[in-house]
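Following the hints, complete the assembly by docking chain B onto the known chain A.
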Amino acid sequence: MTEMWINMGPQHPMTHGLWNLRIKVDGETITDSEPVIGYLHRGWEKEVENRTYPQIIPMSDRLCYGSSFTWSHVYCMAVEDLMGLEVPEKAKWIRAMSDELQRIGNHLMWLAAIGPDLGNLTIFLYAIREREMFLDLFQALCGARMTYNYCRIGGVRNDAPPNWERDVLRTLDYFEKRINEYEDLVDRNAVFRMRMEGLAYLSGKDAVNLGVTGPSLRGSGVKFDVRENDPYEVYDEIDWHMCTRDEGDVYARYRVRIDEMRMSVQIVRDILKKMPKSGPIRVKTPRNAPVGTGIGRMEDPRGESFMYVIGDGSDKPYRLKVRSPFFVTLSAAPHMLKGYKVADVPSIMGMLDVCMGETDR
Amino acid sequence: MYIDIWQFLGGLVHWLLVDIIGPILGWIGFHGLESWLGSPGVLNFVTILLVALIVFTVGMLVAITHIWQERKTLGRLMDRRGTQVGPIGLFQNFADGLKVLVKEAIIPDAADPLVYNAAPVIIIGVSLFMFVTIPYSQGFYVANPQMSVLLTLAIFSLVPFGVLIGGWASNNKYTLIGGLRAAAQIIAYEIPLLLSVIGVIILAGSLNFMDIVAYQQSHVWMVVPMILGFVVFIISMNAELERVPFDLPEAEAELVEGWMTEFGGMKFGLIMMSEYARGFVGASIATLLFLGGWDMPSFLQFIPDELWFLAKVFAVFGLFIWIRGAMPRVRTDQILAIGWKRLLPLAAINIFIAIIFKTLGWF
Numbered sequence: 393m394t395e396m397w398i399n400m401g402p403q404h405p406m407t408h409g410l411w412n413l414r415i416k417v418d419g420e421t422i423t424d425s426e427p428v429i430g431y432l433h434r435g436w437e438k439e440v441e442n443r444t445y446p447q448i449i450p451m452s453d454r455l456c457y458g459s460s461f462t463w464s465h466v467y468c469m470a471v472e473d474l475m476g477l478e479v480p481e482k483a484k485w486i487r488a489m490s491d492e493l494q495r496i497g498n499h500l501m502w503l504a505a506i507g508p509d510l511g512n513l514t515i516f517l518y519a520i521r522e523r524e525m526f527l528d529l530f531q532a533l534c535g536a537r538m539t540y541n542y543c544r545i546g547g548v549r550n551d552a553p554p555n556w557e558r559d560v561l562r563t564l565d566y567f568e569k570r571i572n573e574y575e576d577l578v579d580r581n582a583v584f585r586m587r588m589e590g591l592a593y594l595s596g597k598d599a600v601n602l603g604v605t606g607p608s609l610r611g612s613g614v615k616f617d618v619r620e621n622d623p624y625e626v627y628d629e630i631d632w633h634m635c636t637r638d639e640g641d642v643y644a645r646y647r648v649r650i651d652e653m654r655m656s657v658q659i660v661r662d663i664l665k666k667m668p669k670s671g672p673i674r675v676k677t678p679r680n681a682p683v684g685t686g687i688g689r690m691e692d693p694r695g696e697s698f699m700y701v702i703g704d705g706s707d708k709p710y711r712l713k714v715r716s717p718f719f720v721t722l723s724a725a726p727h728m729l730k731g732y733k734v735a736d737v738p739s740i741m742g743m744l745d746v747c748m749g750e751t752d753r
Numbered sequence: 008m009y010i011d012i013w014q015f016l017g018g019l020v021h022w023l024l025v026d027i028i029g030p031i032l033g034w035i036g037f038h039g040l041e042s043w044l045g046s047p048g049v050l051n052f053v054t055i056l057l058v059a060l061i062v063f064t065v066g067m068l069v070a071i072t073h074i075w076q077e078r079k080t081l082g083r084l085m086d087r088r089g090t091q092v093g094p095i096g097l098f099q100n101f102a103d104g105l106k107v108l109v110k111e112a113i114i115p116d117a118a119d120p121l122v123y124n125a126a127p128v129i130i131i132g133v134s135l136f137m138f139v140t141i142p143y144s145q146g147f148y149v150a151n152p153q154m155s156v157l158l159t160l161a162i163f164s165l166v167p168f169g170v171l172i173g174g175w176a177s178n179n180k181y182t183l184i185g186g187l188r189a190a191a192q193i194i195a196y197e198i199p200l201l202l203s204v205i206g207v208i209i210l211a212g213s214l215n216f217m218d219i220v221a222y223q224q225s226h227v228w229m230v231v232p233m234i235l236g237f238v239v240f241i242i243s244m245n246a247e248l249e250r251v252p253f254d255l256p257e258a259e260a261e262l263v264e265g266w267m268t269e270f271g272g273m274k275f276g277l278i279m280m281s282e283y284a285r286g287f288v289g290a291s292i293a294t295l296l297f298l299g300g301w302d303m304p305s306f307l308q309f310i311p312d313e314l315w316f317l318a319k320v321f322a323v324f325g326l327f328i329w330i331r332g333a334m335p336r337v338r339t340d341q342i343l344a345i346g347w348k349r350l351l352p353l354a355a356i357n358i359f360i361a362i363i364f365k366t367l368g369w370f
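Here the protein sequences come in this chain order: A and B.
For the first sequence, the working numbering gives the first residue as 393, with consecutive numbering after it.
For the second sequence, the working numbering gives the first residue as 8, with consecutive numbering after it.
Here chain A stands alone, though its shape is the one from the complex:
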């Protein structure tokens, strides 16, 4: 059979969003591939230059449907760095807690998405069922299910509602039991393992060279996590450890994410224990930013997200640059796909946790 190019996308069940993966196949073996992005380009970085600093917070929520809070968080961190603000102690704890709840929610969305990718719908519905509880928690915290508009420059919008601690602990207790259920369904199923093990091998060195971050990097055995290597907010005071695997295949990335969900549960429990019960949650911020630059850097569920903001003395940023973790991971996809089968494409790409909103911006 001669080689041919197949378009997987922009409208394709594998894509999780609007992008196109062009693959060159010889029979069923992939010999070359080329991700084509830009279908979802909204001119985000240009658009925010016409908005005042607080107006950008809801915009940054819309960078990714799965992890809105982390994006508004990293934006606020960048602007705080630019303005030289110190965030109150309690707000830091609340931010870290929201980050971790968001991480669980986002990883559940990823887990839901890999189910149909691999041909099993059960895991999709199980994961969506549990994600619903974390959306409910966010709704109790800030009134919205997906785009929270909760983080503020110099703090957070409001304090946690009454009974917050009880609700969170209850959810976490329930959720920990459910993770075991996922492991029963996926890890103990030989066919799931067959579809994941030994697939899309990425050595630690290659991963670093290609700029891959987040769970995909830690799945290759590289011990790098912004929360540990460059602690922001209160992560240096929390009792936690990094989750890594050495195999570097799809299964390792899967395991890292599942372990991270467990670790996030532990982190949230620890935060609830150590969080100050009272105190200010927000500081007063100036309207205009000084002339200068600021950066925000944090561990997004998908990897290292980074924002670089340039202020020109007005109330609008001169330039805001976003480093999207998945944009970089996606460019490593041809390296991972080569030599594997067409049937492996959803498995490999789904395991990277695709989010096109932040990639195309």
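Nothing false has been slipped in among the hints.
Part of the chain A face toward chain B, derived, beta carbon under 7 Å:
| # | residue |
| --- | --- |
| 1 | I398 |
| 2 | L510 |
| 3 | F584 |
| 4 | M586 |
| 5 | R587 |
These are computed hints drawn from the structure, not numbers from a lab.
Every value quoted in this text rests on a predicted model; they were computed, and no experiment measured them.
Backbone N, C-alpha and C fix where the C-beta goes; we use that ideal spot for every residue, glycine too.
For chain B alone, coordinates are given in the frame of chain A:
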């Protein structure tokens, strides 16, 4: 207790043609027509038509019920309710059928129209043809050839041919890969499937469904001595039916809808329908060969044989649904590895076990 459909319908046709229509025609004066209607050839032909119609209707109804069963059971397995159209979701299939019926019939420009239209005909025709050899009880069947097991399995393996040419004729890259996967799949599962049946045939000493069920009634259900063969058979049958662990030709994650991508409207509806018709036939074969067919405990004799048979068929199909709820899809090279490295040796061992049992005269 069983319903002898041949005797019943034969009597009905005889009464209708000889006792009612015949005298009327004779009274009018068509004496030649009267004696022609009363001849055994005509009576036989009309009876066969009626029997075929009834068995076909029952088969299609069971297949539709399988769709409903799958929707509801899968829903429960996934912690949701499944379809809710009508009482306990029973109207969903008819709503779907109506929907696909009013859709426009589109033939893609680049497709080969003759083969493109012939492929669904082959698949649907072959699927419905298999109802012919499946007996529901001693008296409820259309045809009872001496080698009905062989005939049914032979018809079964014609389906991938339709899939292959359908995928090719649609002139689409996804359908082409889907069709070729069906061709690759058949060499993986067909041999273990047939070998697992051979064990049963050795023990029963017959290739006829009736004889095999009669043997199981007088001895023991085949699933007891041939448990290995049963496992191999169920797995291979899943592959034969293109159900979830082995639904490579229509892998919806990577190939959109696989070889069916370009088929729309009622063609798609009938192809889906025929898939469940094949599911019914597959579950029936498993029931007849391994689970004693319409055999039942003696104290439950008052329940008709046909209902017993259908109850077992639904149980076997429930097993298929359960497998679907728990499994992801395997890959083409993996199904070949499963078929040749795992199932084939197991089926061969099963044949040895059957030979040993037969030689020792245990079962």
